[in-house]
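**Student:** Letter by letter, the chains look like this.
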Amino acid sequence: MTSTLRPPPPAPPTSPQHAQSPAPRSPRRRRSWRQALRRDWQLYSLAILPLLFFLVFRYLPMIGNIIAFRRFKPGGSIFGEYWVGLRYFRMFLTDPTFWEVFTNTLVLGTLTLLFCFPLPIVLALLLNEVRARRFKRFVQSVSYLPHFLSIVIVAAMVMQLTSIEGTANQLVTLFGGDPVPFLQRPEWFRTIYVSSEVWQTVGWGTILYLAALTTIDEDLYEAARIDGAGRLRQTWHVTLPGIRPTMVTLLILNIGSFLAVGFEKILLLYNPLTYPTADVISTYLFRMGFQSSNFSYAAAIGLFEAVIGLILVLSANVISRRTVGTSLW
Amino acid sequence: MVTLGTKIDAPTTRGPVDSRGYRIFRVVNTIVLLGVVVVTLYPFLNIVARSLSEEAYIIAGKVTIVPRGFDLTAYKLLMSDAMFWTNYRNTVVYTVVATLISIVLTTCYAYVLSKPQLKGRPFLIGVALFTMFFSGGLIPNYVLVTSLGMKNTIWAVVIPNAISVFNLLVMKAFFESLPSELEEAAAVDGLNTYGTLLRIVLPLSKAIIATMVLFYAVSFWNSWFTAFLYIDRQDLLPVTVYLRNLIAGATSAESAAADADKVQAAATLQAVTIVLTTLPILAIYPFVQRYFVRGVMLGAVKG
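Just so you know, the protein sequences line up as chains A and B, in that order. The first sequence begins at 1 in the numbering used here and counts up by one. The second sequence begins at 1 in the numbering used here and counts up by one.
In case anyone wonders, no lab produced these hints; they're calculated from the structure. Just so you know, these numbers come straight off a predicted model, no measurement behind them. Check the hints yourself; a few may be wrong.
Claimed, not checked - One-sided excerpt, in silico: chain B residues whose CB lies under 8 Å from chain A:
1) 37
2) 177
3) 180
4) 191
5) 194
Note that beta-carbon positions come from the ideal geometry of N, C-alpha and C, so glycine has one too.
Assemble the whole structure, with the sequences as input and the hints as a guide.
**Tutor:** Have a look at this one:
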C-alpha cells in the first residue's frame with residue numbers, strides 16, 4: 001500500500017494552495033485515511049470487537065510477559081511490582097531440572113516430527129493407489145475419526161490400553177512375558193506418547209496431501225510412462241514433486257510447534273515416576289507456576305519457549321524460501 | 001473433488017496393463033490399509049467392550065472387543081451421578097455460548113479482511129497472523145484472566161479462545177471467493193455495509209458458516225484445559241474435566257466414583273464415562289465429516 005503512495009511526490013508543505021488541508025506535512029496520506037474512514041466506517045466498526053479481543057487476550061498477555069523481568073505478587077498488578085532484570089532467566093538457565101526438561105522436549109519433539117510428519121504422506125500415497133472408491137472413502141472416514149476426540153478421551157483410552165489388565169499387557173502375557181505397568185515406566189513413555197500421537201493425527205494429516213494429489217496433471221504421468229517410468233518411478237518423479245509445496249508448508253508449521261509438544265496430553269499422561277522422560281518445558285513451567293506459585297520464574301521459561309518457537313518458524317520459513325521456493329507468506 | 005476422484009478410478013489411468021509387481025503391491029496395500037482401519041477402531045471397540053463388561057473380567061485381562069459378563073451396573077452408577085449430568089449440561093452450555101461468540105467475531109473480522117480495497121487491511125491481517133506464531137504464554141494469560149475477575153465463570157471458558165486464526169483465514173478465503181458484483185449491486189440498491197452482510201453475504205455463506213460452527217463446536221466440546229485452569233467449582237466444570245478427574249483419581253466426594261463401589265467399578269466406570277462423552281461426537285461424525293474436510297481444504301488454499 002505504502003509503495004503505491006510514494007511515486008507521486010507529496011505537495012510541498014509550504015505550498016499555499018494546500019492551506020485548506022489541516023495536515024500540511026503529508027496531505028495525501030492524511031486525506032486518504034480520512035476518506036477511507038468516511039467511506040468504510042461501517043466496515044471498520046465490524047472490526048472493533050475482534051480487534052479488542054486480539055488486543056486484550058492475545059497482545060496484552062504478550063506484554064504481560066514483562067513479569068518475567070519483574071517481581072510478581074499474586075493479587076498485585078498484572079505487570080508485577082519492581083524490576084529484577086534477568087534474575088529469573090539466570091535462575092532457570094542454571095537450573096539442572098530445566099536442562100533435563102529441555103532435552104526431553106527436544107527428544108519428544110524430534111520423535112513426533114520424525115513419525116507424525118512423514119506417515120500421513122505415506123498413508124496418502126497408499127490411499128491414492130486404491131481404485132475401489134468406496135473402500136478408499138471408508139478407510140479415510142475411519143482414519144479421520146480420532147482427530148475429533150478430546151485429548152482427555154485419548155489419554156483415557158491410552159491409560160486403559162496400557163493398564164496392567166489392558167490390551168498391551170494381554171499381548172505381553174500372550175507371548176509369555178510379565179505384565180508391565182507401562183505408564184509408570186520412564187523408558188516406555190516416549191513410545192506411548194508418539195504412538196498415541198500417530199494414532200490421533202495420521203489420518204487427518206492425509207487430507208491436504210490427498211487434495212494436492214488430485215491437482216497433479218494426468219499428462220505428467222502419461223509423459224513419464226512414455227519415457228518408460230514404472231509405477232515407483234512415476235511416484236518418485238511426478239507424485240512427490242507434485243505434493244512438495246504442501247509438504248514444505250506443513251513441515252514449517254510442524255517445526256514452529258516443535259517446542260510446544262503435546263502439553264495437554266503429557267499433562268494427562270505423565271506422573272512423577274515418568275518425569276525423567278516425560279517432563280517437558282511446558283509441563284515444567286505449568287508446575288512451577290501453579291504448584292510452586294512462582295509466576296515470574298514460570299513466565300520467564302514461557303517467554304524463552306515462545307521466542308525460540310518464533311525463531312524456529314521464521315528460520316524454517318527463510319530456509320525453505322531459499323532452497324525450495326515455498327514459504328508461508 | 002468428485003470429478004477428480006473419477007480419474008483415479010478409471011482402470012486405464014496410468015498404464016494399459018498392470019505389471020505383476022504392481023498387482024502384488026495392490027494386494028499388500030489393501031492389507032495395510034485394512035490394518036490401519038483395525039488399529040484405528042480397536043481402541044473404540046475395546047472401550048465399549050470394557051464399559052459393558054463385568055469388572056472381574058477386566059481385572060483378569062480377559063476383555064478385548066467382546067464384552068464379557070455383560071453388566072450395566074457402571075452405566076447405572078454413572079447415570080445416577082448428578083454431578084456427571086451437571087457437568088454434561090455445562091459442556092453443552094459452554095459449547096453453545098462459545099460457538100455463538102466465536103462465529104459472530106470470526107464472521108465480522110473475516111468479512112472486513114476480505115475487502116481488498118480497504119485501507120489498513122495488511123495491518124489488520126497482520127494483527128491476527130502474528131498471534132499464530134507468537135503467544136503470550138500460559139502464565140500471563142492466567143494472570144490476565146484472573147485479574148479480569150473471570151475465574152469461576154463461564155466467560156473464562158468461552159472468551160479467551162474466541163477467535164481461531166485458522167478458522168478466520170478459512171472464512172476470509174470464502175468471502176474473497178464471492179463475486180464482488182453482488183455487493184456492488186447491493187450498494188446500488190441502497191444497502192449499507194451491515195445490510196449487505198446480513199441480507200446478501202450471509203445467506204450465500206450458509207455452507208461455510210455451518211462448517212465454522214462445526215469446527216468451533218467440536219473444539220469447545222473437546223476442550224478441557226481452560227476449564228481445568230480457571231474453574232475450581234465442581235458444579236461449573238465441563239464433562240471433559242469430570243473425566244479427567246476420574247482418570248486422575250481426583251474425584252470429589254459428590255461423585256459416584258467415590259462411592260463404596262469405587263474400587264470394584266473404577267475401570268468400568270472410566271470406560272463408561274469415555275463412551276458417554278464420545279457418543280455425541282460419534283453420532284454426528286458420519287454426517288458432518290465432509291464439511292470438515294472441505295473446510296480444511298478451503299483453509300489450505302489461502303492459509
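**Student:** Next, verify each hint and record whether it holds.
**Tutor:** Do the hints match the structure? See the list:
Because the beta carbon of residue 37 of chain B sits about 5 Å from the nearest beta carbon in chain A, less than 8 Å, this interface hint is met. Among the interface hints, the one on residue 177 of chain B is violated; its C-beta lies about 16 Å from the nearest C-beta in chain A, farther than the 8 Å criterion. For residue 180 of chain B, the suggested interface contact is broken, since its CB lies about 14 Å from the closest CB of chain A, more than 8 Å. Taken as an interface hint, residue 191 of chain B does not check out: its beta carbon lies about 11 Å from the nearest beta carbon of chain A, beyond 8 Å.
Annotation: interface hint on residue 194 of chain B holds; nearest CB of chain A at approximately 6 Å, less than 8 Å.
In terms of the numbered hints stated before, the structure departs from hints 2, 3 and 4, listed from lowest to highest.
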